[in-house]
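Note that my numbering numbers the sequence shown so that position 520 is 614, with each residue one more than the last.
Just so you know, the hints here were simulated from the structure itself, not pulled from any lab data.
Some hints could be false.
[As the list claims (entries may be wrong)] In silico lysine to aspartate or glutamate, EDC-like type, Cα no more than 20 Å apart, as pairs: (1) Lys390 x Asp479; (2) Lys390 x Glu320; (3) Lys587 x Asp148; (4) Lys598 x Glu244; (5) Lys598 x Asp608; (6) Lys607 x Asp416; (7) Lys587 x Asp150; (8) Lys390 x Asp563; (9) Lys279 x Glu244; (10) Lys598 x Glu387; (11) Lys598 x Asp201; (12) Lys390 x Asp608; (13) Lys485 x Asp608; (14) Lys555 x Asp608; (15) Lys555 x Glu387; (16) Lys485 x Glu387; (17) Lys598 x Glu312; (18) Lys121 x Asp201.
[To be verified] DEER-style ranges, computed between Cβ atoms: (19) Ser159 x Gly297: 22 to 30 Å; (20) Arg415 x Pro488: 21 to 29 Å; (21) Ser96 x Val141: 46 to 54 Å; (22) Arg415 x Pro574: 51 to 59 Å; (23) Val566 x Leu292: 44 to 52 Å.
In this text, all values refer to a predicted model and were calculated from it rather than measured experimentally.
Every residue, glycine too, gets a C-beta built ideally from N, C-alpha and C.
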Amino acid sequence: MSFPLLTATAVLPAVGAIATAAVPAAKRTAAKWLALSFSLATLVLAVVVLVRFDPDGARYQLTESHAWIADFGVRYELGVDGIGVALIALTALLIPFIVLAGWHDADPLETGSRRWRPTQGFFALILAVEAMVILSFEATDVFLFYIFFEAMLIPMYFLIGGFGDRAHAHGEATAATQRSYAAVKFLLYNLAGGLIMLAAVIGLYAVAGTFSLSEIAEARANGSLEMATNTERWLFLGFFFAFAVKAPLWPLHTWLPNAMQESTAPVAVLITAVVDKVGTFAMLRFCLQLFPEASKWATPAVLVLAVISIIYGALLAVGQRDIKRLIAYASISHFGFIIMGIFAMTSQGQSGATLYMVNHGLSTAVLMLIAGFLISRRGSRLIADYGGVQKVAPVLAGTFLIGGLATLSLPGLAPFVSEFLVLVGTFTRYPVIGIIATFGIVLAALYTLVLYQRTMTGPVKPEVSAMPDLRVREIAVVAPLVVLLVFLGVYPKPLTDVVNPAVKHTMSDVQQKDPRPEVEAAK
Numbered sequence: 095m096s097f098p099l100l101t102a103t104a105v106l107p108a109v110g111a112i113a114t115a116a117v118p119a120a121k122r123t124a125a126k127w128l129a130l131s132f133s134l135a136t137l138v139l140a141v142v143v144l145v146r147f148d149p150d151g152a153r154y155q156l157t158e159s160h161a162w163i164a165d166f167g168v169r170y171e172l173g174v175d176g177i178g179v180a181l182i183a184l185t186a187l188l189i190p191f192i193v194l195a196g197w198h199d200a201d202p203l204e205t206g207s208r209r210w211r212p213t214q215g216f217f218a219l220i221l222a223v224e225a226m227v228i229l230s231f232e233a234t235d236v237f238l239f240y241i242f243f244e245a246m247l248i249p250m251y252f253l254i255g256g257f258g259d260r261a262h263a264h265g266e267a268t269a270a271t272q273r274s275y276a277a278v279k280f281l282l283y284n285l286a287g288g289l290i291m292l293a294a295v296i297g298l299y300a301v302a303g304t305f306s307l308s309e310i311a312e313a314r315a316n317g318s319l320e321m322a323t324n325t326e327r328w329l330f331l332g333f334f335f336a337f338a339v340k341a342p343l344w345p346l347h348t349w350l351p352n353a354m355q356e357s358t359a360p361v362a363v364l365i366t367a368v369v370d371k372v373g374t375f376a377m378l379r380f381c382l383q384l385f386p387e388a389s390k391w392a393t394p395a396v397l398v399l400a401v402i403s404i405i406y407g408a409l410l411a412v413g414q415r416d417i418k419r420l421i422a423y424a425s426i427s428h429f430g431f432i433i434m435g436i437f438a439m440t441s442q443g444q445s446g447a448t449l450y451m452v453n454h455g456l457s458t459a460v461l462m463l464i465a466g467f468l469i470s471r472r473g474s475r476l477i478a479d480y481g482g483v484q485k486v487a488p489v490l491a492g493t494f495l496i497g498g499l500a501t502l503s504l505p506g507l508a509p510f511v512s513e514f515l516v517l518v519g520t521f522t523r524y525p526v527i528g529i530i531a532t533f534g535i536v537l538a539a540l541y542t543l544v545l546y547q548r549t550m551t552g553p554v555k556p557e558v559s560a561m562p563d564l565r566v567r568e569i570a571v572v573a574p575l576v577v578l579l580v581f582l583g584v585y586p587k588p589l590t591d592v593v594n595p596a597v598k599h600t601m602s603d604v605q606q607k608d609p610r611p612e613v614e615a616a617k
């Protein structure tokens, strides 16, 4: 029996969460180092998964399959394709930086306030989320996926509601109320989506008699499974609704700005760079693979919603006064690009969407973590409270600029490749949608450069005149991510080689081919 590598990659952070939570309350520093050690060990296992994965091999590799709830056809089935491998690597990479960035975010206040939960709990919850996200990327049994898709909401709820941002202008009582509101809104939205998905999961079992992706695919191939058109469409809508809430897609997005605003910066990165990717990943793995005809039927409506997300998110980002809310609305716009690429039903669009998931995770992590370091120094999230920071903290300002330029997809940085592929892939099949979506690029340049100008340039405000530059720990957090943004911006081939074969399988699932050019190239 081969070593269960995928199980180990998910179990290790779960064990780390338990071990970190068990550390005595007086040993906060030990708990931090323990959490960091487990996150780094998980990263090592994720690298092993990446190395052992063969892009030219079987669709799902490193598979594991064991009977679980036999009476109901539920199995413990794991397997990864190129898209899953890329997102597992992203998750395992970001968690150590999230832990380092949040090193002091859960420390008790000097006043002795009790509004902070124990430091150990903060880091244990982060590791618990990592374990559940990784299992979601690995699960090839629909019911198993559903369990972890929903279970990750619980630790996220406590991270948002129990360890919120300390930079609040209206006092601790108001801050606690707003944190609770954001956490409950996050939970209710996602639970509502999950309940609808549960009904669809049950319906899928009633039709297919199994939860296994491989068995359903085999039954479709040999003609033993045929879904009625209306049945397939209703099941698709049940799955898609849950994934659209998680993604988030307009108009199901309204929980995200509140959650990111009230969270610490590392938890905000965990939300938008890690947890939300489960929604877009699941659209590729489950919606398109399980319900190909319904996916094509829904494509026009989904593309319209995606374009609305792109423009709406970017417009609201332009008008924000709060730094975190601006980044949140920018992320809504970016998720619109990802979903548009998925449902463009072209290989360029879906490859670009997968790259976008990874590259958006990196760029958002840089921008949000630097914003968190900035906010912790000044004690305010308001853009108007800053000015002239680049004169007193040039390294902080420089890395903030790089994160911003990556967010607007500047050529030479990783997100540019993703956005270009998504737009090309969309334009070849839906030119009007592609043209409208390009306005999101212009708006991205506007909100990013205005944010930088108002916070980093101009006269030095007295409140920031003594602001320290990035410390060694903070540089250690952002420097590797900046290097990756540049590397993948000029040489994305290692990533595209992994994801492209998986995209071909997805295109085959929906029986789509790339549109041919109207005019053939001269021979």
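The hints, checked one at a time:
{"no.": "1", "hint": "Lys390 x Asp479", "verdict": "violated, 48 Å"}
{"no.": "2", "hint": "Lys390 x Glu320", "verdict": "holds, 17 Å"}
{"no.": "3", "hint": "Lys587 x Asp148", "verdict": "holds, 15 Å"}
{"no.": "4", "hint": "Lys598 x Glu244", "verdict": "violated, 29 Å"}
{"no.": "5", "hint": "Lys598 x Asp608", "verdict": "holds, 11 Å"}
{"no.": "6", "hint": "Lys607 x Asp416", "verdict": "violated, 44 Å"}
{"no.": "7", "hint": "Lys587 x Asp150", "verdict": "holds, 15 Å"}
{"no.": "8", "hint": "Lys390 x Asp563", "verdict": "violated, 51 Å"}
{"no.": "9", "hint": "Lys279 x Glu244", "verdict": "holds, 15 Å"}
{"no.": "10", "hint": "Lys598 x Glu387", "verdict": "holds, 17 Å"}
{"no.": "11", "hint": "Lys598 x Asp201", "verdict": "violated, 48 Å"}
{"no.": "12", "hint": "Lys390 x Asp608", "verdict": "holds, 14 Å"}
{"no.": "13", "hint": "Lys485 x Asp608", "verdict": "violated, 50 Å"}
{"no.": "14", "hint": "Lys555 x Asp608", "verdict": "violated, 54 Å"}
{"no.": "15", "hint": "Lys555 x Glu387", "verdict": "violated, 58 Å"}
{"no.": "16", "hint": "Lys485 x Glu387", "verdict": "violated, 57 Å"}
{"no.": "17", "hint": "Lys598 x Glu312", "verdict": "holds, 18 Å"}
{"no.": "18", "hint": "Lys121 x Asp201", "verdict": "holds, 11 Å"}
{"no.": "19", "hint": "Ser159 x Gly297: 22 to 30 Å", "verdict": "holds, 24 Å"}
{"no.": "20", "hint": "Arg415 x Pro488: 21 to 29 Å", "verdict": "holds, 25 Å"}
{"no.": "21", "hint": "Ser96 x Val141: 46 to 54 Å", "verdict": "violated, 18 Å"}
{"no.": "22", "hint": "Arg415 x Pro574: 51 to 59 Å", "verdict": "violated, 31 Å"}
{"no.": "23", "hint": "Val566 x Leu292: 44 to 52 Å", "verdict": "holds, 47 Å"}
When held up to the earlier numbered hints, the structure conflicts with 1, 4, 6, 8, 11, 13, 14, 15, 16, 21 and 22 and fits the remainder.
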